[in-house]
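Required output: the full structure, derived from the provided sequences and hints.
Take a look at the letters that make up each chain.
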Amino acid sequence: MTSSRSDILVVGAGPAGLAAAVTAAETGCQVTLVDDNPHVGGQVWRAERETLPPRAAQWYARARQAKVHMVGGATVVYAPSPHELFAHSVDGAKKFQCEKLILATGAHERFLPFPGWTLPGVVGVGGLQALVKGGLPVVGKRVALVGTGPLLLAVGAFLMQRGAHVLCIAEQARRTRVLAFGASLAWHPRKLREAVKLKRATRPIPRQYSTWPLAIRARSQSLEIDLTRKPESAAAVTKTLECDLIGCGFGVVPDTVLARALGCDLNGEAVRVNDHQQTSIANVYCAGESNGIGGADLALVEGEVAALRACGQTIGRDLQKRLDRGRSFAQGLNDTYQLRDELRHLGQEDTIVCRCEDVPLEHLHPYGSFRDAKLKTRCGMGACQGRVCGGALAFLRGWAPDSVRPPYAPIPMEDFARMCADATT
Amino acid sequence: MDSRRAIVVGAGIVGAACARELARAGYSVTVLDSRPPGCGTTAAGMGHVVIMDDSPAQFALTKLSRELWDQLDLPDYGERETRGTLWVAADSEEMDAVRSKHRAYSDQGVDAEILDEHQLAEAEPNLRPGLAGALRVAGDSVVYPPTVVEWLLNDANCDVQQVDVTEIDDNIVTANDGTTLTADVVVNAAGNYALGLLTEPLDIHVIPRKGHLVISERSAGFCNHQLIELGYLKTAHGNHGETNSESVAFNLQPRATGQMLLGSSRQFGKVDSVVDPGVLAKMVNRAMEYMPGIAKLQAVRTWTGFRGATRDNLPIIGPHPTQPHLYIACGHEGLGITTALGTARLIKQFVLKEEPDIDPAPYASARS
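As they're listed, the protein sequences go chains A and L.
Numbered per this note's numbering, the first sequence finishes at 639, counting up by one with no gaps.
Numbered per this note's numbering, the second sequence finishes at 389, counting up by one with no gaps.
No lab work stands behind these hints: they were computed from the structure.
Among the hints, erroneous ones may be present.
Derived DSSO-like pairs (lysine-lysine); straight-line CA-CA distance at most 27 Å [as the list claims (entries may be wrong)]:
1) A:Lys309 - L:Lys303
2) A:Lys413 - A:Lys347
3) L:Lys317 - A:Lys309
4) L:Lys303 - L:Lys317
5) A:Lys309 - A:Lys281
Okay, the calculated beta carbon distance ranges per label pair [unchecked claim]:
6) A:Val304 - L:Pro146: 23 to 33 Å
7) L:Asn197 - A:Val304: 46 to 56 Å
8) L:Gly290 - A:Asp305: 33 to 43 Å
9) A:Gly377 - L:Glu143: 57 to 67 Å
10) L:Trp324 - A:Gln311: 20 to 30 Å
11) L:Glu238 - A:Pro268: 38 to 48 Å
12) A:Arg558 - L:Pro96: 29 to 39 Å
13) A:Glu563 - L:Asp180: 19 to 29 Å
14) L:Asn175 - A:Arg558: 24 to 34 Å
Some chain A residues well away from chain L (every beta-carbon gap over 12 Å; in silico) [to be verified]:
15) Arg219
16) Gln244
17) Leu345
18) Gln375
19) Asn497
20) Ala608
Yeah, the Cβ is synthetic: ideal placement off N, Cα and C, and Gly gets one too.
Right, here's the structure in full:
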């Protein structure tokens with residue numbers, strides 16, 4: 215087992231983690247940055263054919279310059295304490311020791327169960343982008359994007375650029391709310407520029423608001439999706455589209471596994487932090503989507519704030535202002551794209567909720583908590599340990615996730631035993 | 022005529038089994054627990070239905086209980102599988118233990134057979150070569166306790182309420198909001214919490230004994246029996262009453278899901294449920310010594326639980342010494358799943374003043 219010690223360990227190399235690592239290293243701290251992907255950038259700045267997007271490349275260059283020790287392809291699977299973490303990688307187990315820990319573990323997609331959501335060809339909208347970046351050809355493929363939020367537009371633009379025929383973007387939010395949010399971007403010029411650019415890039419894609427999927431069916435060579443549109447003061451209209459791929463994106467869920475394992479308090483689905491990104495556990499900070507969904511720009515600011523505090527520095531007024539602005543933008547974003555109540559009732563009795571263990575909705579009726587349902591139905595007991603169904607059930611039932619125990623991802627027994635034997639806690 | 026009323030405190034497997042016995046005897050039963058049914062020690066156990074011969078009293082209770090399990094018409098979701106137990110002997114000394122265990126089982130009419138080195142290797146090809154042999158107890162089985170509890174309670178058609186009980190005074194049960202419930206009969210099956218609820222304490226104590234388990238991804242066919250090293254008898258049960266003792270033993274169980282459930286550890290003097298890495302490392306390493314292939318199985322999840330143990334390692338089953346409406350059923354240590362049914366049968370026989378199926382004296386609440 216390799217072992218390394220640093221002043222600051224940053225888990226997650228997306229925007230928040232990169233900013234945190236660079237900031238801490240530039241103030242003179244020894245920093246290690248670990249991520250389960252081989253490349254930095256996280257989900258939002260995912261590399262394509264070994265090439266990083268420009269913003270990720272800039273941060274990567276700064277991280278190298280500042281001598282950040284970067285460890286890719288290593289998944290943190292056990293943290294006996296905030297000062298001692300173990301990761302699993304292709305070249306074996308790794309141990310990290312640190313004084314301060316910054317969690318920048320990001321978020322994963324929220325899936326909602328509705329008939330057909332588990333069919334082949336139906337994927338998360340972010341997952342679809344990742345697949346295409348990984349080499350899945352989409353030239354000439356008919357794609358429907360359903361769900362909510364700006365990610366649908368970003369992925370729509372990306373897919374068009376790769377030659378896909380994007381048939382529609384079905385946004386569940388009301389048009390009036392999205393427009394009002396758009397108008398509020400006047401206060402966030404950078405966001406406004408991005409939005410305008412995105413809107414221009416996706417102009418050829420038909421966009422429908424107050425629209426969501428009811429069901430997907432498999433045909434011999436394609437998929438068929440029923441979309442319903444429910445304008446505020448009119449009857450719902452349902453239409454059917456034929457397509458080859460469907461990307462679903464009902465927002466993202468903060469990844470709080472490591473934070474919860476360490477005992478950090480949550481605020482709703484996200485890690486609770488104070489004004490300086492400190493969690494409820496001493497020496498543990500959190501930045502980026504894992505402490506609340508707010509996008510890459512806010513994540514960068516939070517990463518910087520977390521790193522400065524972890525290094526014992528003060529937060530300048532300018533940075534504080536950027537943090538406050540970013541949080542107000544995030545608030546508007548989350549309010550605008552809040553999931554509507556109708557989406558709680560899309561699943562049928564036999565619709566699968568837990569894909570790992572094939573648990574249908576009807577099996578969950580008698581239970582009042584995730585733990586009870588898990589013990590009685592196996593929901594959330596599979597390899598993903600509730601990462602997929604947890605996001606759905608938080609929305610459908612308001613269930614908090616069950617407790618976290620090591621290993622946080624499946625690893626061979628021998629590696630797990632080695633980590634346990636090496637733990638000093 | 023109104024039926025007589027019973028309250029069972031504790032919705033673990035012991036409470037659920039008692040509730041079912043009393044319901045079948047005509048009682049109207051209410052089950053109280055602060056948590057949903059089967060979510061405490063019951064959910065943390067391995068679910069092994071096994072005959073054990075540490076003492077004649079343990080043998081009698083586990084044997085009676087296994088017979089009752091065989092009579093139970095469990096639905097598929099109880100995940101019962103009768104694969105049998107293999108008590109694995111590492112050397113000739115342990116092989117002697119296999120032979121005396123075989124005699125003890127046979128004398129009591131329990132089917133058991135001795136496997137030699139080759140038969141053992143054939144029965145379990147993933148065990149390391151060179152082990153001396155084993156005792157196969159073919160009638161032992163495994164169940165999935167949380168859903169069994171659910172079935173027992175449904176089958177009893179009893180009223181289950183989520184109530185945090187704070188005190189039991191004979192037939193008066195008090196909840197944390199100050200409300201009280203009374204019944205003709207009260208069964209205290211609150212596991213580790215049971216004795217702390219009594220207004221009239223017992224001389225005997227129940228001490229929580231922490232255990233760890235690890236479960237693997239689906240690996241059907243990796244092993245075929247419940248495997249337990251014979252050393253288990255020396256290590257796992259050998260330290261009664263020592264407050265800081267700690268032991269691990271090889272114990273592997275194939276689940277109906279195809280997953281492998283790996284135990285076991287025993288620690289006194291621990292109260293927090295955090296996974297203890299040192300114990301876990303010893304436990305997995307011990308298992309890999311017996312079954313090297315375990316090294317490559319994917320570990321999915323670990324958890325801990327607390328078995329309520331008495332000093333003589335026998336449960337407390339029977340009437341409270343001074344409170345005539347109150348019955349105690351707790352302190353089952355690592356055998357609660359197996360012995361829940363026998364315990365419930367004895368409790369019913371006490372309540373109805375029937376002739377007990379086995380001598381209940383060793384489990385009396387009046388011992389120390």
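Q.
Of all the hints numbered above, which does this structure not satisfy? Sort the numbers upward.
A. Hint check: nothing fails, all pass.
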